[in-house]
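Please build the complete structure, drawing on both the sequences and the hints.
So the sequence shown is residues 2 to 392, counted in the working numbering.
Calculated directly from the structure, the hints in this document are not laboratory data.
The beta-carbon is built from N, C-alpha and C at its ideal position, and this holds for glycine as well.
Among the hints, a few may not be true.
The list that follows gives simulated cross-link-like pairs (lysine to aspartate or glutamate, EDC-like), each with its CA atoms no further than 20 angstroms apart [to be verified]:
#1 LYS337 to ASP315
#2 LYS337 to GLU258
#3 LYS337 to GLU296
Pairwise CB distance ranges (calculated) [claimed, not checked]:
#4 PHE158 to TYR109: 13 to 23 angstroms
#5 PRO126 to PRO155: 57 to 67 angstroms
#6 ALA106 to ASN81: 16 to 26 angstroms
#7 GLN139 to VAL116: 30 to 40 angstroms
#8 THR379 to GLN235: 23 to 33 angstroms
#9 THR84 to ASN392: 47 to 57 angstroms
#10 PRO61 to PHE158: 43 to 53 angstroms
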Amino acid sequence: MKQTRIISMVLLVTLMLGLAALACTGELTSESVTIGDLPQYVCPSATPRASDTPLPTSPPTYPGYFTVNLTNYQVGNNINSVTVQWLAQNAGTIYLSYSGSMSVAPFYWAGASNVPVGYSLPNVPARNGFYTLYIPTQVSSATLRIWTTSGSYPQTFSVYRMLGNVVQFYPPPSWGAPLPIYPTPRPTYTPYPTPTPYIRTNDYFLNDPIYTAPGEQMLNIRFRVTQMQSLPLQGTPTPNPPKTAIPGTNPTAIYPESLYVWTFEIRNFSRNQTYTLYPPAQSFVSSIRLSNGAEQNVVLFPTYTAAQLAGFTDFAGYQAHNLAPGQQVTLRLAAKGPQGSLYRVSWVMDASGRPTPVSGTGPTPIVAGDNIVSWINTVNTDCVGEIAEPN
Numbered sequence: 002m003k004q005t006r007i008i009s010m011v012l013l014v015t016l017m018l019g020l021a022a023l024a025c026t027g028e029l030t031s032e033s034v035t036i037g038d039l040p041q042y043v044c045p046s047a048t049p050r051a052s053d054t055p056l057p058t059s060p061p062t063y064p065g066y067f068t069v070n071l072t073n074y075q076v077g078n079n080i081n082s083v084t085v086q087w088l089a090q091n092a093g094t095i096y097l098s099y100s101g102s103m104s105v106a107p108f109y110w111a112g113a114s115n116v117p118v119g120y121s122l123p124n125v126p127a128r129n130g131f132y133t134l135y136i137p138t139q140v141s142s143a144t145l146r147i148w149t150t151s152g153s154y155p156q157t158f159s160v161y162r163m164l165g166n167v168v169q170f171y172p173p174p175s176w177g178a179p180l181p182i183y184p185t186p187r188p189t190y191t192p193y194p195t196p197t198p199y200i201r202t203n204d205y206f207l208n209d210p211i212y213t214a215p216g217e218q219m220l221n222i223r224f225r226v227t228q229m230q231s232l233p234l235q236g237t238p239t240p241n242p243p244k245t246a247i248p249g250t251n252p253t254a255i256y257p258e259s260l261y262v263w264t265f266e267i268r269n270f271s272r273n274q275t276y277t278l279y280p281p282a283q284s285f286v287s288s289i290r291l292s293n294g295a296e297q298n299v300v301l302f303p304t305y306t307a308a309q310l311a312g313f314t315d316f317a318g319y320q321a322h323n324l325a326p327g328q329q330v331t332l333r334l335a336a337k338g339p340q341g342s343l344y345r346v347s348w349v350m351d352a353s354g355r356p357t358p359v360s361g362t363g364p365t366p367i368v369a370g371d372n373i374v375s376w377i378n379t380v381n382t383d384c385v386g387e388i389a390e391p392n
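As structure tokens, then:
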């Protein structure tokens, strides 16, 4: 009990010293160190997708329609032509006849009759069409007659020659065509069912992106454990051997140990909130597998000694960080402990306080902080892929 309290006090002091160093930078606030809800892994297949809207069971019918006008109803010094412009829907072939009067003999312009100038496709929405007709300079007036094989009555227009320039022009018709008629009412299609969400809130898998819960107001953080490794380590003598040898024992027996190495990637997606972290006091090995396959709970915090034994050259994992929005940091950590294989590592999400014992007589918790979550040394076989990163 006494040893547990001493370890707990050392860890708390370590955490407080690390956070105090950050406080000097002006970044440390309760919001910058507090993640109060359980982070989540969300499988991409658990996110809703838009429902398909298939085509109707039968194609629609487009009622016949035809309307027409001219770009100009006068010709003059600056223009000697008119353009017939129409909006047609299911109207068939479009015809033009024209003739007129002349200011010189023979005083009559025969023009042409039944000239096909366009075609309106069946069962398609209304479309515009155009045909330009040249008016000879001797023609003082002309009459144009336009009709279709279906969809309208013939329409007649007069064009006059004037002295001077023509200044008034008209846009083509653009509206009025009736809406399509469907043989049966457009069916309402049942959307694809929304999959049952696959959301994991603890014991996360290797390499899965873990995001803070949607309810977090200030911090939007992604955690990812990319490596969990066990390395052999030459054992050390059994600690505190007795001064007087006990019959039948070896006071210099080797205590078998292993090195445990793990890597965190942490990225801050918050809009304007810095994430303050001190990995040596927030992450630890929480369980190992023994040689017989049994799982053993432990609390092994990272140390510089373990990092050096593991051959680290980058010690960013042993420094305090103020992770600004948009920044990412990679943290390699190592701990030394009983011989086994690394199975679970943990992270203290809420470093703003220290939990109290369940009862006044209970032991003081050995980990400083709250809302502790874990990763297991297993890949995800239930779901593959990642949801889109936050904007």
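Does the alpha-carbon distance linking LYS337 and ASP315 stay inside the 20 angstroms limit?
-> 18 angstroms, holds
For PRO61 and PHE158, compare the CB-CB distance with the range 43 to 53 angstroms and indicate the outcome.
-> 32 angstroms, violated
Taking 16 to 26 angstroms as the hint, is the beta-carbon distance of ALA106 and ASN81 inside that range?
-> Because 20 angstroms falls inside the window, the suggested range holds.
Hint check for ASN392 and THR84 - Cβ pair distance inside 47 to 57 angstroms = 49 angstroms, holds
Pair hint outcome, LYS337 versus GLU296 [Cα-Cα no greater than 20 angstroms] | 17 angstroms, holds
Within 13 to 23 angstroms or not, the Cβ separation of PHE158 and TYR109?
-> Distance hint for PHE158, TYR109 holds at roughly 19 angstroms.
When you take the CB atoms of GLN139 and VAL116, is the distance between them in 30 to 40 angstroms?
-> This hint is violated: roughly 20 angstroms between Cβ atoms.
Do the alpha carbons of LYS337 and GLU258 lie within 20 angstroms of each other, as the hint requires?
-> 7 angstroms, holds
If you check the beta carbons of THR379 and GLN235, does the distance land in 23 to 33 angstroms?
-> Hint holds: Cβ distance 28 angstroms, inside 23 to 33 angstroms.
Taking the CB of PRO126 and the CB of PRO155, does the distance hold inside 57 to 67 angstroms?
-> 24 angstroms Cβ-Cβ, so the 57 to 67 angstroms window is violated.
Of the numbered hints given earlier, the model fails hints 5, 7 and 10; all others are met.
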